[in-house]
Amino acid sequence: MFGAFRPTQPSMIGLLWKTPWKLSRTRKANVRARLKQVDSVIQAVKDSGVQCAALTKALELPKESEMPPRDKYTVFSRHAKGYRKGIHKVPKWTRLTLRTNPKGF
Numbered sequence: 000m001f002g003a004f005r006p007t008q009p010s011m012i013g014l015l016w017k018t019p020w021k022l023s024r025t026r027k028a029n030v031r032a033r034l035k036q037v038d039s040v041i042q043a044v045k046d047s048g049v050q051c052a053a054l055t056k057a058l059e060l061p062k063e064s065e066m067p068p069r070d071k072y073t074v075f076s077r078h079a080k081g082y083r084k085g086i087h088k089v090p091k092w093t094r095l096t097l098r099t100n101p102k103g104f
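Residues in the sequence shown are numbered from 0 upward in steps of one, following numbering that gives the first Met the number 0.
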């Protein structure tokens, strides 16, 4: 119990990285800003006249202003209680396109 190899507080508790259960105001603002930046990049590529499959797929996604708050901050999860979980619980959520969800959810 005591000595050089005694258990530290995080190892006794279990989880090392604690994720808050809801997004803070600043993290929500960062999500909105990130979505707006992606929208501006898609618009710039569209205005340049380039045609590609990725652009047509990106143009089908809703813009940040068209998305309800529920879709901005949560994603579908079949394991969660209400079939929704916070977007910040998804691994690498800042790099993924999580704008669309199944119909009815």
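Hints may be right or wrong, so weigh each one.
[What the hints assert, rightly or not] FRET-style restraints, in silico, Cβ to Cβ: (1) Arg26 x Asn100: 35 to 43 Å; (2) Trp20 x Thr93: 15 to 23 Å; (3) Arg24 x Asp46: 30 to 38 Å.
Simulated from the structure, these hints should not be mistaken for lab results. We treat Cβ as the ideally placed atom computed from N, Cα and C, and that holds for glycine.
Tested hints:
1. Checked against the hint of 35 to 43 Å, the pair Arg26 and Asn100 fails, with Cβ atoms roughly 20 Å apart.
2. For the pair Trp20 and Thr93, the beta carbons lie near 19 Å from each other, so the given range of 15 to 23 Å is met.
3. Look at Arg24 against Asp46: about 33 Å separates their beta carbons, and that is inside 30 to 38 Å.
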